[in-house]
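Peer 1: Residues per chain are reported as follows:
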Amino acid sequence: MRFKFTVAIIVLLAIPAIAAAQNQAAGGWQAMSYFSFEIPSTTDPLQTLVWPDVIREANAYVTTELKRSLGGKNALVTALASTYRDGSRTIIVSTALSRACDSGANDKGAEIEPSTCPLRIVTIENGKVMSIKSDTGCYTDHADPDLPAKNRNDNSYTRYDPAAGTISFRTTIGGHDVPSCARVYSVK
Amino acid sequence: MRTPLSSLVVFVGLCVGSLWFSEGQAVAGQYCERTNYSAQDITDAVRNSSLRDDLKGTSCSLGGLGRFESGGNKGNYNGSCCTGIFQLNNANVQKYAGTDRAGYGCMSLQDQVDAWAKLTNDGYNSPAVRQLASMSTFDGQKVDASFIAACIQLGTGNCQKMLNSGKCSGFADINGTTICKMANNARAMADPNCQDGQAVCGPSGPGDFPTSTGIAANPPAASSASIIVSPTDV
Chain U
0 MRFKFTVAII VLLAIPAIAA AQNQAAGGWQ AMSYFSFEIP STTDPLQTLV
50 WPDVIREANA YVTTELKRSL GGKNALVTAL ASTYRDGSRT IIVSTALSRA
100 CDSGANDKGA EIEPSTCPLR IVTIENGKVM SIKSDTGCYT DHADPDLPAK
150 NRNDNSYTRY DPAAGTISFR TTIGGHDVPS CARVYSVK
Chain G
0 MRTPLSSLVV FVGLCVGSLW FSEGQAVAGQ YCERTNYSAQ DITDAVRNSS
50 LRDDLKGTSC SLGGLGRFES GGNKGNYNGS CCTGIFQLNN ANVQKYAGTD
100 RAGYGCMSLQ DQVDAWAKLT NDGYNSPAVR QLASMSTFDG QKVDASFIAA
150 CIQLGTGNCQ KMLNSGKCSG FADINGTTIC KMANNARAMA DPNCQDGQAV
200 CGPSGPGDFP TSTGIAANPP AASSASIIVS PTDV
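Chains as they are written, first to last, in numbering that gives the first Met the number 0: chain U, 0 to 187; chain G, 0 to 233.
Derived by calculation from the structure, the hints in this document are not laboratory data.
Using N, Cα and C, we set each Cβ at its ideal position, and we do this for glycine too.
Do not rely on the hints blindly, as some may be mistaken.
The calculated label-pair distances, taken between Cβ atoms and stated as ranges, are [as the list claims (entries may be wrong)]:
1. G:Ser107 - U:Asn152: 32 to 38 angstroms
2. U:Lys66 - G:Gly28: 27 to 33 angstroms
3. U:Lys66 - G:Ala101: 19 to 25 angstroms
4. U:Thr165 - G:Gln194: 55 to 61 angstroms
5. G:Pro126 - U:Ala142: 27 to 33 angstroms
For reference, chain G alone in the conformation it holds in the complex:
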């Protein structure tokens, strides 16, 4: 039998506990309608975007990346930094979609993917990605387009920390997600029936540099060259 006084104490305790708990916690949210886009839906949007052709080469895994990040729910806000099908952070939403978090969560799947593609294309030219692209493997993991996309996804500055450490564990988010783990998850969550439209010709090894923009416009770093051809040799 509970007395009125003890009930009041329990009630006040619950209120205080609830306030204390919510103070430091991020509360996930939903902007506009909840969606459940499949990995194939996301892959199709990636193929229709301006993403570099060499990264589109493994667009099946990028559909998996969208499922990994948001479960296919384009209006998903993680309650802290990130929103949308690929969980773009607040700053990147503003820079690449030209709007705020709520506006982004309500955009169409294709518009969200287009903004993400522009972010990813810009990230491709960062020193961290150029360094990663010059390797065939990193910490025992093959460097392919999924790995490169995950490097950009978790932030090129964070990716550089991983590269400097020489290990996948060199950077992890608060949930312990490393860039290597994200790439693996993206591959695993791709639609099993999805077929990559083009040969996987991402910069996965020496000589395997992207050709969509032409070698002259996108040369490998001199330090990574294994064959030196002087003008007189041509």
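In isolation and in its complexed conformation, chain U is listed as follows:
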């Protein structure tokens, strides 16, 4: 009981930090932010509310299958997320790279493709999780200097429509939208 209350308070405190970090142009497309969960956190709602099971599974995979010690860290689990405020509600939409994703070709002649990954839309009101909707969505590799120049701005974008209660989603790879990644999710 005390734990739940503490988590709710922590989440309430943490959400504005995430929301503030995002470029939330009203009505426009918002680039999803990249998060790595290697450093465990009890205050990050992405780790505590959205993806705790995925982090646990990845940790178990590294320690039992790969037989490597994590040394107090989490396994390398990464996610993309956008956060929206709608009155008293906070809506988090996120995709995480996990073994449940289909990540395309492994081949010397292949190019970067998006991964089709689990996507979750979590609605929080007054510090309580009101709903978690699960679907699939596109995840893009985190940009690094070794990637081809054309792929350094690859990302997924979301747009929240409060009137319709939907979140639109799109992904660009190599400067082009990927048609199969264009989706509209209902938040209701």
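Keeping the supplied structure of chain U fixed, place chain G upon it in accordance with the hints.
Peer 2: Below, chain G alone, put in the same frame as chain U:
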């Protein structure tokens, strides 16, 4: 005789051309030492991995697959998506090796192959592979373990596109490599002296389903069954 002005123009032109060219081009890279593992070395690592036994049945061709993908150079990065002996993509490196591209390129051959084996084992349960496994041939090509491994290698989503099209040409990467072509290359690049350790008992036809995990744990799809046995018949 070239004037100083024309030399400057040529120099600037070369610089601009070089910048323009490199902007859209992937630059291949090397992580840690360059290696030249033979098909047999790779086959041995596959045999020592956790790969399903029925796919190990043609591990000679999987050694050929490693040579086809990387030339036996485990630190090879193709400059875009893929790294290592089997050219795992960035996302799969993170998911199955628990590290990034540079860390993966520096892993031992066995550790790289172990991660690839786990990816391949997971891919085996995808709908695309189950569908492929229920066929004896696809577009005139025998469905064997090499074909199934190539289906997983080029991505099960891409493999499904090929299956939906009914033709090998239903999916190809930017170099025109199809799943059928990759399987053929893997077979062709196997060590000629390599001997597959076990009978090739991959799911190459009706009744030829993998038995390493037991039939009950790994049943064929009902739609592919040709003989129906009811409980009263037993």
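Peer 1: Compare the structure with each hint and give your call.
Peer 2: Comparing the hints with the structure gives:
Take Ser107 of chain G and Asn152 of chain U: their Cβ atoms lie about 34 angstroms apart, and the range 32 to 38 angstroms holds. For Lys66 of chain U and Gly28 of chain G, the Cβ-Cβ distance of about 28 angstroms falls inside the hinted range of 27 to 33 angstroms, so the restraint holds. Remark: the range hint 19 to 25 angstroms for Lys66 of chain U to Ala101 of chain G is upheld by a beta-carbon distance near 21 angstroms. At about 59 angstroms, the beta-carbon gap between Thr165 of chain U and Gln194 of chain G stays in the expected band of 55 to 61 angstroms.
Distance hint for Pro126 of chain G and Ala142 of chain U: a CB-CB separation of about 32 angstroms, consistent with the stated range 27 to 33 angstroms.
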